[in-house]
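This note's numbering puts the first residue of the sequence shown at 815, with every later residue one more than the last.
Honestly, the hints are just simulated from the structure, not real lab data. Glycine included, each C-beta is placed from N, C-alpha and C at the ideal position. It cannot be assumed that every hint is accurate.
With a cut-off of at most 16 Å between alpha-carbon atoms, the simulated EDC-like pairs for lysine to aspartate or glutamate come out as follows [stated by the list, open to error]:
#1 K866 to E837
#2 K816 to D864
#3 K926 to D864
#4 K888 to E980
#5 K879 to E925
#6 K875 to E851
#7 K879 to E851
#8 K817 to E851
Label-pair distances were calculated between CB atoms; the ranges are [what the hints assert, rightly or not]:
#9 L853 to K817: 39 to 49 Å
#10 T862 to N993: 40 to 50 Å
#11 E925 to F839: 15 to 25 Å
#12 K1024 to G871: 44 to 54 Å
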Amino acid sequence: MKKMHLLGTSKEAVAITFDIMKEIFGATQYLLYPNMEELSIPLMPIKTLDYKIMPVGTVPKSSQKVFIATPGPKNKAAIFNDFYQKHSIDKNRYLQVIHPSAYIATSSLIEKGVLVEPHVVISSQSRIGFGVFIKRGSLIGHHNVIGAFTDINPGVVLSGNITIGEECVIGSGAVVKDNISIGANTIIGIGSVVTKDIPANSVAFGNPCKVARENI
């Protein structure tokens, strides 16, 4: 039995992670390690896969690789920091979870803890930071840098020479033109067209994308 060790719990995203891990690693059982008593029970109304939620405070053995099973930059960062501070689970313990249908240029660098869903393209000389989730069908152009724990949602198109800071959310279907910088802790709304730099700590949306308010 191939067991996978997942940190945190999530109502919906866990099921996506389960399916991809089954395809990549041949996983047959999933052990979830929550870091708080408030649990999110995986939503699997069609087909239930074999999982077990471990008691809070339980951690995988030091020889076992792990992965964060919860989406959202703030959630991912909090879970990583909690398990690192309390249990010394560092970045080297984390898997890369990359669907076999994704294309990743050989000159790009993918750090650990990254999830790449089906039909993603990552072009030349791009760097994907720790804990980034790139969701189905997104197109990541050349010479892009995506900061740690950021979520790139389905169908996003990033052109070339783009820098995205840590803990950002790029909404589904958003398009970002060449040579754009998006600061850390910023949310870009669904379907936005980003033609100018967006500062850190912003909520921005529209075509063209404009800052609507501070992200606090």
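Taking the hints in turn, this is what the structure says about them:
no. : hint                      : result
1   : K866 to E837              : violated, 19 Å
2   : K816 to D864              : holds, 11 Å
3   : K926 to D864              : violated, 25 Å
4   : K888 to E980              : holds, 10 Å
5   : K879 to E925              : holds, 15 Å
6   : K875 to E851              : violated, 21 Å
7   : K879 to E851              : violated, 23 Å
8   : K817 to E851              : violated, 23 Å
9   : L853 to K817: 39 to 49 Å  : violated, 19 Å
10  : T862 to N993: 40 to 50 Å  : holds, 47 Å
11  : E925 to F839: 15 to 25 Å  : holds, 19 Å
12  : K1024 to G871: 44 to 54 Å : holds, 45 Å
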